[in-house]
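Starting from the structure of chain A, add chain B where the hints point.
Just so you know, the sequences run in chain order A and B. Going by numbering that gives the first Met the number 0, the first residue of the first sequence is number 0, and it counts up by one from there. Going by numbering that gives the first Met the number 0, the first residue of the second sequence is number 0, and it counts up by one from there.
What the hints contain is simulated information worked out from the structure, not anything from laboratory work. Quick caveat: nothing in here was measured; it's all calculated off a predicted structure. There could be a bad hint or two in this list.
As the list claims (entries may be wrong) - Derived pair list, reagent style SDA-like, types lysine to any residue, alpha-carbon separation capped at 25 Å:
#1 A/Lys166 with B/Ala12
#2 B/Lys105 with A/Gly133
#3 A/Lys166 with A/Leu4
#4 A/Lys166 with B/Leu104
#5 A/Lys166 with B/Arg92
#6 A/Lys166 with B/Ile85
#7 A/Lys166 with B/Glu100
#8 A/Lys166 with B/Arg94
#9 A/Lys166 with B/Phe101
#10 A/Lys166 with B/Leu81
#11 B/Lys105 with A/Leu164
#12 A/Lys166 with B/Val98
#13 A/Lys166 with B/Thr73
#14 B/Lys105 with A/Ala161
#15 A/Lys166 with B/Ala88
#16 A/Lys166 with B/Val74
#17 A/Lys166 with B/Asp60
#18 A/Lys166 with B/Ala76
#19 A/Lys166 with A/Thr67
#20 A/Lys166 with B/Leu87
#21 A/Lys166 with B/Glu78
#22 A/Lys166 with B/Leu89
#23 A/Lys166 with B/Leu90
#24 A/Lys166 with B/Arg91
#25 B/Lys105 with B/Arg94
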Amino acid sequence: MNWPLVAFFFLAGVTLYSAYRVVVDETITHAALYLAIAFVGVAGFYALLGADFLAFVQVLVYAGAVMTVLLFTIMLSDIREVRGLKLPLFRRLTSPRWGAVPAALAAGLAALLLAAFAGSALLAGPEGRPVGLGELARALLTTYLVPFEVASVLLLAAMVGAIVLSKGEGER
Amino acid sequence: MPEAGVPVGYFFAVSTLLFSLGVFGALRRTNPVAILMSIELMLNAVNINFVAFSRHLGAADPVRGPMFAIFVITVAAAEVSLGLAIVLALLRRRRSADVNEFDALKG
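The shape of chain A in the complex, shown without the other chains (with noise of 0.2 Å):
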């Protein structure tokens, strides 16, 4: 029996699921829950592909941090203001303006992506390997210096301009 293999379909058919309720599920929180199972099969997906490391940070930064400001948010903002959409799932999905262009639109995606997939030389590479977290760590303050820097003043820049904008307009 290929257990990795099992493993994938009962990853891919769980987290395809929770991705499908997130872009369907009416109440808003619903959506949020089934979005942190789907990145948790993510999760799974990059350990499965030997990426320990990241698997780790998709738990810790998604399903952890990401997750908690959604549900903050939800939670904090008057939950019949975030509803959204009241219409029921069929009509949803069949009426021209609010299902039909966006379901055409990515189906249409999802094909052309398959078909280009399946017809693409590129699966025939030589494999890599999977890298650990001392070689990550090492690459990551030698040859990518300066993204790494790069990028902890844009989640500084990030943090300053959200406590800037969700303050309320009498209280700077």
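Chain B in isolation, oriented as in the chain A frame:
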């Protein structure tokens, strides 16, 4: 086939479907928080592709793919915090959560 036992094409198929679902959600939703969540789905799909390509084709430089993924995660974290702050500010000012009503920048 790698020792993991999963053909690399399967990862591309899953990430393609994940990305398409994200596109569908970003186009269909009118709630800014839901649009942000769809964008996160798309970024995750891209990251799966980076790692899968690096794992299966990156014999020359196996660090590059995961490094790209790390920077994408960093930028996505910054993006989500700023996006949600903007959403909170909009909700406070407009009392509405429909992106079709946010047209102050319309030319």
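Verification of the hints:
1. A/Lys166 with B/Ala12: Cα-Cα ~42 Å, so violated.
2. B/Lys105 with A/Gly133: 50 Å, violated
3. A/Lys166 with A/Leu4: This hinted pair is violated, its Cα atoms lying about 48 Å apart.
4. A/Lys166 with B/Leu104: At roughly 22 Å apart (the allowed maximum being 25 Å), B/Leu104 and A/Lys166 satisfy the hint.
5. A/Lys166 with B/Arg92: 12 Å, holds
6. A/Lys166 with B/Ile85: Holds, because 10 Å separates the two Cα atoms, which is no more than 25 Å.
7. A/Lys166 with B/Glu100: Roughly 22 Å separates the two Cα atoms, so the pair holds.
8. A/Lys166 with B/Arg94: 16 Å, holds
9. A/Lys166 with B/Phe101: 20 Å, holds
10. A/Lys166 with B/Leu81: Roughly 12 Å separates the two Cα atoms, so the pair holds.
11. B/Lys105 with A/Leu164: Satisfied, since the Cα-Cα distance of roughly 21 Å is no more than 25 Å.
12. A/Lys166 with B/Val98: 21 Å, holds
13. A/Lys166 with B/Thr73: 23 Å, holds
14. B/Lys105 with A/Ala161: 24 Å, holds
15. A/Lys166 with B/Ala88: Cα-Cα ~8 Å, so holds.
16. A/Lys166 with B/Val74: 22 Å, holds
17. A/Lys166 with B/Asp60: Roughly 44 Å between the alpha carbons, so the hint for A/Lys166 and B/Asp60 is violated.
18. A/Lys166 with B/Ala76: With a Cα-Cα distance of about 19 Å, the restraint between A/Lys166 and B/Ala76 holds, given a limit of 25 Å.
19. A/Lys166 with A/Thr67: It holds: about 18 Å lies between the C-alpha atoms, which stays within 25 Å.
20. A/Lys166 with B/Leu87: 9 Å, holds
21. A/Lys166 with B/Glu78: This hinted pair holds, its Cα atoms lying about 18 Å apart.
22. A/Lys166 with B/Leu89: Judged against 25 Å, a Cα distance of about 12 Å means the pair holds.
23. A/Lys166 with B/Leu90: 12 Å, holds
24. A/Lys166 with B/Arg91: Given pair A/Lys166, B/Arg91 holds - Cα atoms ~10 Å apart, limit 25 Å.
25. B/Lys105 with B/Arg94: Judged against 25 Å, a Cα distance of about 19 Å means the pair holds.
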